[in-house]
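Trainee: Under the numbering used here, the first residue of the sequence shown is numbered 1, with each subsequent residue one higher.
Hints may contain errors.
Stated by the list, open to error - Here are the in silico distance ranges between beta carbons for each label pair: (1) Gln74 <-> Thr51: 31 to 39 Å; (2) His107 <-> Lys39: 29 to 37 Å; (3) Arg54 <-> Pro26: 33 to 41 Å; (4) Glu34 <-> Glu81: 13 to 21 Å; (5) Val47 <-> His107: 32 to 40 Å.
Everything labelled a hint here was simulated from the structure, so no lab data went into it.
In this text, a Cβ means the ideal position worked out from N, Cα and C, and glycines have one as well.
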Amino acid sequence: SFLRHDPCSSSQVMDSNGYFILRAAPREQQIVAEFYSSKTDADGSVVDPVTGERIKCYDVREPTSVFRARTAKQMQARLFEASDTAGLIQSLGHACYLGRELQRVEHALATGTEYVMD
C-alpha cells in the first residue's frame with residue numbers, strides 16, 4: 001500500500017470538494033495527483049457527491065481528474081493556478097498538506113526512493 005497509515009485514523013479535516021491521492025510514476029519521472037470528488041455530510045462523514053452514500057476508507061473509486069507534472073512546483077501551479085482547477089481546493093490546511101506531500105514525491109523521484117503518502 002502507498003499509504004503510511006490507516007486513512008480512517010487520520011485527524012486531517014476533509015476538504016469540502018474532495019481529496020487527492022498522490023503517487024510517484026518513476027518510469028515517466030512524473031508526479032501523479034488523482035482527485036476524487038466528495039462531500040462531507042452533516043455528521044462529518046465523507047460521502048459521494050452524486051449518490052450521497054458514505055465513502056469507506058478503502059472503497060475503490062475512479063478519480064474525477066488526474067493531473068501529471070514533473071516537479072512539485074509544476075503540480076502546484078497546475079492545481080492552484082490553472083483556470084480549470086480554480087476552487088478545487090478549499091481548505092488552507094489541505095493546500096499546505098498537498099504542498100508538503102508534493103515536495104516528498106519530487107524528492108522520492110529524484111532519489112529513486114519509494115514514496116509513501118502520509
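Trainee: The structure should be examined with respect to each hint, and the outcome stated for every one.
Mentor: Hints, verified against the model:
Hint check: Gln74 to Thr51, Cβ distance near 34 Å, so the stated range 31 to 39 Å holds. Checking the proposed 29 to 37 Å range against His107 and Lys39 shows it holds: the Cβ atoms sit about 33 Å from each other. Checked against the given bound of 33 to 41 Å, the beta carbons of Arg54 and Pro26, roughly 34 Å apart, stay inside it. Here the CB-CB span from Glu34 to Glu81 is close to 19 Å, well matched to the stated 13 to 21 Å.
Roughly 34 Å separates the CB atoms of Val47 and His107, a value that falls within the hinted 32 to 40 Å.
Hint violations for this structure: none, all hints satisfied.
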